[in-house]
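Read off the chains here:
Protein chains: 2
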Amino acid sequence: MSEVTAAILVIGDEILSGRTKDKNIGYIAEYLTNSGIDLREVRVVPDVEEEIVGAINALRQRYTYLFTTGGIGPTHDDITADCVAKAFGVPIDIDERAVTVMLERYKREELNEARLRMARIPAGADLIDNPISKAPGFMLGNVIVMAGVPNIMQAMLDNVAPRLKTGARVLARTVDAAGLGEGIYAAGLGAIAAEHTSVSIGSYPAFQSGGFRNQIVLRGRDEAALEAAEKAVIGLVQGLSSDRAPV
Amino acid sequence: MSEVTAAILVIGDEILSGRTKDKNIGYIAEYLTNSGIDLREVRVVPDVEEEIVGAINALRQRYTYLFTTGGIGPTHDDITADCVAKAFGVPIDIDERAVTVMLERYKREELNEARLRMARIPAGADLIDNPISKAPGFMLGNVIVMAGVPNIMQAMLDNVAPRLKTGARVLARTVDAAGLGEGIYAAGLGAIAAEHTSVSIGSYPAFQSGGFRNQIVLRGRDEAALEAAEKAVIGLVQGLSSDRAPV
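Protein chains in written order, with our numbering: chain A, 184 to 430; chain B, 184 to 430.
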């Protein structure tokens with residue numbers, strides 16, 4: 184397993200109320216997997232200071248990186264930057280680097296107190312570019328603070344990614360279960376999983392019109408080990424398919 | 184605020200790898216909001232016993248209900264039921280009630296060891312019907328254990344919902360910010376939020392072709408208080424709109 188791990192913290196009442204359907208978790212998950220970073224945990228918390236600070240401290244101490252989304256706009260419910268400062272015990276104030284980039288979008292007289300809230304950055308943080316609406320994200324220690332709006336978050340992720348340590352990429356192989364029910368191949372698959380311990384093997388049912396369509400996914404960083412396990416799974420599925428009609 | 188609270192625990196490597204994009208969090212969030220249950224936290228953890236047990240115990244002690252999704256199929260990576268039993272410190276074994284409902288779908292001789300894993304239910308749990316593929320979910324104490332496949336999860340949620348305590352429904356009002364940027368109304372909105380403390384007020388930017396389209400959402404259980412806050416927000420937005428062109 185890679186030594187580079189991560190968690191995501193999604194901040195926002197609107198996700199917990201169901202009003203906004205999160206699109207960031209799946210995007211970041213796939214992005215990290217492709218970068219060789221193991222996403223190990225996700226949490227969603229409300230716009231409540233003690234919840235945010237508690238989750239930041241729990242997760243940043245446990246994983247190589249913590250990615251947060253949401254709560255860095257100009258309104259009263261945007262409290263993420265202050266919570267990060269509190270979690271780290273560092274001061275927070277208007278950052279002149281942030282003001283400079285925001286002046287590319289706003290006139291000086293448009294930078295009212297609310298908009299200047301978006302330039303409040305905890306001491307010691309590095310900025311993360313926001314090519315879309317300019318107000319920056321930031322990285323403090325191992326915590327990466329990004330916007331909640333998906334296209335801004337995605338641009339920030341591209342900007343910060345080159346600064347991150349990455350591990351060996353996880354390789355994945357998918358074996359189609361050829362119409363077999365999980366209950367048919369579960370025993371054989373469990374035996375293969377027990378034998379090929381460096382490979383993580385999952386079975387994922389999905390409904391399609393007309394019934395189940397199951398897929399077996401193998402994941403690991405050692406290509407030879409992955410291939411050996413894949414061969415065993417293909418053999419298992421083929422053996423069972425020839426035994427019985429694929430219903 | 185309602186006294187009825189909840190958390191969701193999503194269990195599965197496939198969500199953390201990004202291979203499967205979760206569709207359950209948003210669905211359950213909206214469902215609970217409509218039922219008068221406050222969703223306060225969500226976590227996603229991998230198929231690892233100590234992570235699952237730890238999260239179950241952290242969340243079930245903190246909230247009225249904990250809803251879990253995923254990990255109750257027949258394969259070796261389906262360990263949720265065992266983790267729930269371990270979290271509660273109760274035995275787990277094949278449950279004859281579960282076998283009975285599974286016999287509506289499977290012939291007796293098709294109930295091999297793997298499929299019988301889906302009939303393993305912790306002692307003391309009540310079953311949750313699964314009209315789609317029969318293998319049941321269950322409720323033990325305040326923990327509701329459901330499948331990860333969305334249409335099965337949704338059917339299980341409908342089945343278990345009538346057994347749950349619910350609070351007063353949260354009412355919501357949305358005020359369109361009429362093309363105003365968040366930075367224009369943030370100060371006024373913060374003042375309104377500080378004045379109307381029983382109403383939760385959020386501002387949500389969204390990109391659309393041609394620019395931002397911001398919405399201000401007010402949420403609360405007291406209709407009169409909500410209406411007063413809404414009136415104040417509408418007044419704020421109208422006042423600012425007449426001051427300047429809506430760009």
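By construction, these hints were calculated from the structure, which means they are not laboratory data.
Careful: at least some of the hints might be erroneous.
Claimed, not checked - Capping the alpha-carbon separation at 27 angstroms, the derived lysine-lysine pairs in DSS-like fashion look like this: (1) B:Lys317 x B:Lys206; (2) B:Lys414 x B:Lys348; (3) A:Lys206 x B:Lys204; (4) B:Lys204 x A:Lys204; (5) B:Lys206 x A:Lys348; (6) B:Lys348 x B:Lys317.
Said to hold, decoys possible - Examples of chain B residues lying across from chain A (beta carbon under 7 angstroms, computed): (7) Gly209; (8) Val225; (9) Val332; (10) Gly371; (11) Gly373; (12) Pro388; (13) Ala408.
To be verified - Here are the computed distance ranges between Cβ atoms for each label pair: (14) B:Gly324 x A:Ala407: 20 to 26 angstroms; (15) B:Arg346 x A:Glu292: 55 to 61 angstroms; (16) B:Ser218 x A:Ala306: 53 to 59 angstroms; (17) B:Ala306 x A:Ala408: 36 to 42 angstroms.
Predicted, not measured: the structure shown is a model, and the values here were computed from it.
Note that the Cβ used here is the ideal one computed from N, Cα and C, for glycine as well.
Do the hints match the structure? See the list:
1. B:Lys317 x B:Lys206: Since the Cα atoms of lysine 317 of chain B and lysine 206 of chain B sit roughly 21 angstroms apart, the hinted pair holds (cutoff 27 angstroms).
2. B:Lys414 x B:Lys348: 33 angstroms, violated
3. A:Lys206 x B:Lys204: Within the cut-off at roughly 9 angstroms; holds.
4. B:Lys204 x A:Lys204: Roughly 12 angstroms separates the two Cα atoms, so the pair holds.
5. B:Lys206 x A:Lys348: At roughly 30 angstroms apart (the allowed maximum being 27 angstroms), lysine 348 of chain A and lysine 206 of chain B break the hint.
6. B:Lys348 x B:Lys317: 26 angstroms, holds
7. Gly209: Check passed: Cβ of glycine 209 of chain B comes within 4 angstroms of chain A, closer than 7 angstroms.
8. Val225: Result: holds, 4 angstroms to nearest chain A Cβ.
9. Val332: 6 angstroms, holds
10. Gly371: 9 angstroms, violated
11. Gly373: 4 angstroms, holds
12. Pro388: Holds, about 6 angstroms.
13. Ala408: 17 angstroms, violated
14. B:Gly324 x A:Ala407: 20 to 26 angstroms: 46 angstroms, violated
15. B:Arg346 x A:Glu292: 55 to 61 angstroms: 59 angstroms, holds
16. B:Ser218 x A:Ala306: 53 to 59 angstroms: This hint is violated: roughly 44 angstroms between Cβ atoms.
17. B:Ala306 x A:Ala408: 36 to 42 angstroms: Check passed, 39 angstroms falls within 36 to 42 angstroms.
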